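What follows is the residue order along each chain.
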Amino acid sequence: MDAVLGQLYAGLSLGSVLLLIALGLTLTFGQMGVINMAHGEFLMAGAYTAFVVQQVIGGAGSAMLIALPLAFLVGGLLGVLLETTLISRLYHRPLDTLLVTWGVSLMLQQLARDVFGAPAVEVRAPEWLRGNIEVLGVPFTTGRLFIVVLAVGAVAVLSAVLRFTSLGRRIRAVVQSRGLAETSGINSRRTDRVTFFVGSGLAGIAGVALTLIASTQPYMGQTYIVDAFLVVVAGGIGQVRGAVLAAFGLGVLQALFAYSQSVSTAKVLLLVCVIAFLQLRPQGLFSVRTRSLV
Amino acid sequence: MPKLRRRHVGATLTAAALVLGTTACGSRVDDTGEASAAGRAESCVDTSGDSVRIGLLNSMSGTMSISETTVRRSLELAVEEVNADGGVLGKQLEVVTEDGASEPTVFAERATKLIQSDCVAAVFGGWTSSSRKAMLPVFESNDALLFYPVQYEGLEASQNIFYTGATTNQQIIPALDYLKDELGVTSLHLVGSDYVFPRTANAIIKAYAEEHGIEIVGEDYEPLGSTEGIQTIVNRVQGSGADAVFNTLNGDSNVSFFAQYANVGLDAEAMPVLSVSIAEEEVPGIGVEKLEGQYTAWNYYQTVDTPENEEFVAAFKEAYGDDAVTSDPMEAAYTSVYLWKGMVEAAGSFDVADVQAAADGVGFDAPEGPVTVNGDNHHIAKTALIGRVNAEGLIDTVWSSDGPIDPDPCLEGYDWAAGMDKDETYC
Amino acid sequence: MREDYLEIRGLRVSFDGFVAVDGVDLTVLQGDLRFLIGPNGAGKTTLVDAVTGLAPATGSATFDGIQLLGKKEHQIARAGVGRTFQTASVFDQLTVLQNLDIAAGARRRRRSLLRARGAVPGSVQLAMETTGLTGLQDRPAGELAHGQKQWLEIGMLLVQNATVLFLDEPVAGMSAEERRQTGELLRRVRRDHVVVVVEHDMEFLRAYADSVTVLAAGTVLAEGTYAQVQADPRVQEIYLGPGSQGPGSQGPRHQAVR
Amino acid sequence: MTRRWAGSASVLSGYLVAAVILFGAAPVLLSDFRLRLLAQFLCVAMVAVGIGLAWGSGGMLTLGQGLFFGLGAYIMAIHLQLSDAGPAGRPAFMVTGSGLPWWWELFRNPVTAVLGIIAVPALLALLLGLGVFRRRVKGAYFAILSQASAAAFALLLISQQNTVGGSNGLSNFRQFFGFALSDPVNRRMLYFIAAGVLIAMVAAVHQLRRSRYGELLTAVRDGEERVRFLGYDPALVKVLAYVVAAVFAAVGGALFVPIVGIISPSNVGVVPSIGFLIGVAVGGRATLLGPVLGSLAVSYAGSTLSENVESLWIYLQGLLFVLVVAFLPGGIGSLGAALRGRRRAVGDVPGRSAGHGPPGRPLVDGGGPERAPAGARSGGV
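Sequences listed follow chains A, B, C and D, in order.
125 is the number that our numbering gives to position 88 of the first sequence; each next residue is one higher, with no gaps.
110 is the number that our numbering gives to position 64 of the second sequence; each next residue is one higher, with no gaps.
227 is the number that our numbering gives to position 226 of the third sequence; each next residue is one higher, with no gaps.
1811 is the number that our numbering gives to position 365 of the fourth sequence; each next residue is one higher, with no gaps.
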């Protein structure tokens, strides 16, 4: 029982990490058809933001709180920079954005290496994010709990924005039909930029969260990007609820496989599951009925 | 028109086939019986001038560059010292550097280049087992010399490689002795990265444990560079109730492992972790407070109290800044240059065969203490040290073996290892 | 000569609860140039989609005794039912000849696919002559004028050996002269094909339609000759009446389903 | 017609030049070391030829060719290990393993090994391709799935320490079908084999491209939905190109093993799989020779530049990807044509203008593959 509960929690926390990364991806993928391989490097930028903030102000507790919004800003600005300089030229060639952003990600990794050095740097977790809360004899580590909360919060805020604000309505309109949205007076170019900002900003936040459980080093983004894309594909493009279900589903599945088999086998099984799943639902869990995407 | 074109394509292919056909076939394995005897390239090492070339082959890019950059630095430091001291056999060492790019095939390619194009007398470098395995056939078929500076899984003894890091009986087995005798451990959980060193080390540990009545309560592997399964692994470790953890995780997985380990409320008191792949330079990235009090097994620490080490650390800090730390692989690399120098001078020649013949018994007062080359298996006798991480992030020696331990890469001196599968080429 | 006909009975298409086509019956005979009209959202294109396999539907649509519903697009095409699209969708990178050759080739034996094309196949030659594209055979389709692209599409239908042709707004965006030529082309084609044209252009309709079916809100509102349909008060009310869309109006191309 | 003539003439002279360089000049001018390196590059170029067909002509961006490269390489490596070990022998590396896995035995025989190198990847590609293309998974979905499959394959290999050497992979081969690998004459023979195979592959793709199938493949790339309504099943059309690309990658991998002397999971994962694409993009994905030449140039640049200025090559690699894909989707070869095209058609859509490539074959503009004809699924109700 303990073991099952512990593994469910492991799955939940892994799912939260994947969700934080995949949320931004699914937004940009859904709205613009852009596959941003540099998304992982925005995550890395967020993690290094946390490191820099900690170096500057020292106190780990306040540093984490300052780093979160700052990392959102850093990730977002990097995203907008990428969008305006390169991606905006490639909207009609989605597969090419994949390759171009891969090139960007290579350069960003090397840049991080040259600036911060190759070895991992330490971002100390604040006092209140160390240790655990024990429930039913299972230790729920507060650091991972924080990530779960962060992910749930991000989903809540994002859903609220999409549903209730005019920005959200614009985004949904563009996702469903770019042409129609444009003819009804929505500046889709500006909406794209805002979406990219938000999506990349979320990666920045995910980066800060990752410093609690993983090492902060130039290649950290690469470790997660493939899994995050699997979440996007399984969830259905442009679907927040799909991403949520897919992230937690894949997270829990992986944790259970890892417990019963081994960690490596778990990842292989996971991929097999996703391919099998796409046989049943090629559009992912949820799909938007659009006339532009065939 | 299409016909014309097809005919030309056909002509090209025929030409290709002709060229293939007329190429005289080289020796067949059956012809000579022994493949390696055939057509070995002649050495092109030039020792006529007042300098001689050596190659430094380390990963300066890619994931392994984190560790290998520091090895490169200590190699360069040693070469500088040797040159300042008059060189080897009166010849200055001229360094040719290459990047292994954390990629075994690149190691093989660059090793070939160093031997065949740059005509170096010896190559120093490599870190991962896969890089060594990739280079091994290159050095054997070209009959050249590689000095490999990292502790590894043993069970190999090529005549063209000198292994200046520890083999398993100089690191893993003393660590197990320590856990059993000094800490009274009766059950162990094995945690490692998913690659050859942890898997082989754990095979040895399991054989040892069976002989000495230690229970292995769990064995988990995390893919290299990954952190996603760490939470599951720590869950399992905590649930296993083991007396101690034997940790062969490599690199960044350690960061995640120790953070999670501390967060679920485990520490060195509750369940000590003995790591064999965490050295001084990894400590800051993991976090000193998470590691404090945990154990490591090596043959050298920065805190080792010998006059040679005092000089080594001082020279290193002078060259690379006060924050620079020294570690076991760095020291082993530094030592390897001096050992080669000793062998060449004992042989009075740079020739590979002469150096191999003169290698046995060549010694050096290394920073870690006295070391001696074993001419049979090309490993070196060295002292095992168990250490604990202190509050400054350095490692203090808490136990050491009685003097240097003779290298035994094939574990021939251990009855309990007799049943293990071994590489018949070398063991 | 055998008379082919397309027979649709009780066709129903719904998307997420919205019924786009609601119990349509339609019979089109060979030699009859049938026009399908109706206001935006009437279900014209959806009907074509359903019969050609793009939209899942219930009911029945048979041609030559073969049930078309439930088959995959390429199987329906092989059964002899072809279509064009509102936006000309020819292969821009390929030449006119290549476009037609591909359209003509679905029944070729697999092995012949691996060889290069030797001489121009007769059916392709004929189609180029019929559509007036002979002189342009080596021109990439992407470089053709708008009208020429539409003709190329029709040509592709012809060489495809389709007996039932669905044409979705074939004259949209064409000049008057191009429309006339297209109309003549359709007249030539109808003799040995079942032809259904979805069209908004009333002038064109009046000039070339043999018969007209009016759809509204997913059902058949009226059917008959142009004059009969025009005289129908219900049709006038929803479509041709004063104040509604005049002749030639095409309406927006992309209407939302919901 | 004249354009066709010009095209065939230039392609023809390309063959001749390639044959002269590969069989004549290179072996004479290059040292053994450089020749070995060139042979290694030729193996990578074989993968590129396949990608050129699948991606350039067929629009399938396959980010997982490492999977097939690895399959071919590992089968070859297993065979070489077994021949080294002698009849009924066991390869030396299996130090912690218990016994020889049964599937190793399949590749002990040289004939079954060669068949396996072709058949295993072909079958896998057929199954994967049918599963994916039948369900109309394409574009980005397909790219991501193929990438994930390469990642999973690498992980699987790493976790199989006992059977395929784990992260160390397989190495230390002594012979190639009975010929000693330490003999420079035999190494030269390996180079000639690689060169011959590469030229044969280019010729095969050449024939495919000018065949009706090639035209059909391009049609599927530019309008998969439209092709369906002409009575073809696009899944079958795509699967063939995908299988051919897989087999080419596998053969490249199989020859890579004796030439380089090692195969390990780091040669098959995500990074090397994308690495195969750089050369194809640089050389011009939709041209016949672009993928080969681009791949060779990129391999050479990578090897030369990183020999001493390590980080520079990483930046340059990234920059190449960005500049070529974003601004020259037709590859370097289309640079001149792109400039001319831009001058000629001022009002042209950016990105499309790069489409007019070398004479003879229509060259894809970068936008072609993914842009389905808008009409295919649109239209009012």
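Treat the hints loosely; a few may be bogus.
Stated by the list, open to error - Derived CB-CB ranges, DEER-like:
(1) A:Ala40 - B:His258: 57 to 63 Å
(2) A:Gly96 - B:Ala316: 26 to 32 Å
(3) D:Thr1750 - A:Gly98: 49 to 55 Å
(4) A:Ala40 - B:Asp369: 16 to 22 Å
(5) B:Thr352 - A:Gly168: 38 to 44 Å
(6) A:Gly96 - D:Gln1606: 24 to 30 Å
As the list claims (entries may be wrong) - Facing chain A, according to a computed beta carbon distance under 8 Å, are these residues of chain B, among others:
(7) Ile112
(8) Glu268
(9) Thr273
(10) Glu274
(11) Gly275
(12) Gly285
(13) Ser286
(14) Gly287
(15) Val301
(16) Ala305
(17) Ala308
Stated by the list, open to error - Computed from the model, here is a short list of chain A residues facing chain D with C-beta under 7 Å:
(18) Leu132
(19) Leu136
(20) Phe266
Don't read these hints as lab results, they were simulated from the structure.
What you are looking at is a predicted structure, and each value in this text was computed from that prediction instead of being measured.
In this text, a Cβ means the ideal position worked out from N, Cα and C, and glycines have one as well.
Against the structure, the hints:
1. A:Ala40 - B:His258: 57 to 63 Å: For His258 (chain B) against Ala40 (chain A), whose Cβ atoms are near 29 Å apart, the range 57 to 63 Å is violated.
2. A:Gly96 - B:Ala316: 26 to 32 Å: Given range 26 to 32 Å: holds, Cβ gap about 28 Å.
3. D:Thr1750 - A:Gly98: 49 to 55 Å: Hint holds: Cβ distance 51 Å, inside 49 to 55 Å.
4. A:Ala40 - B:Asp369: 16 to 22 Å: 43 Å Cβ-Cβ, so the 16 to 22 Å window is violated.
5. B:Thr352 - A:Gly168: 38 to 44 Å: Taking Cβ atoms as reference, Thr352 (chain B) and Gly168 (chain A) lie about 41 Å apart, which means the hint holds.
6. A:Gly96 - D:Gln1606: 24 to 30 Å: violated (47 Å)
7. Ile112: holds (4 Å)
8. Glu268: OK, holds: Glu268 (chain B) within 8 Å of chain A, min 5 Å.
9. Thr273: Check passed: Cβ of Thr273 (chain B) comes within 4 Å of chain A, closer than 8 Å.
10. Glu274: OK, holds: Glu274 (chain B) within 8 Å of chain A, min 6 Å.
11. Gly275: holds (3 Å)
12. Gly285: Holds. Min distance 6 Å.
13. Ser286: Given a least distance of 11 Å, the restraint on Ser286 (chain B) is violated.
14. Gly287: Since the shortest Cβ distance to chain A is 12 Å, the answer is violated.
15. Val301: Since the shortest Cβ distance to chain A is 3 Å, the answer is holds.
16. Ala305: Holds. Min distance 6 Å.
17. Ala308: holds (7 Å)
18. Leu132: Result: holds, 5 Å to nearest chain D Cβ.
19. Leu136: holds (5 Å)
20. Phe266: This interface hint holds because 5 Å falls under the 7 Å limit.
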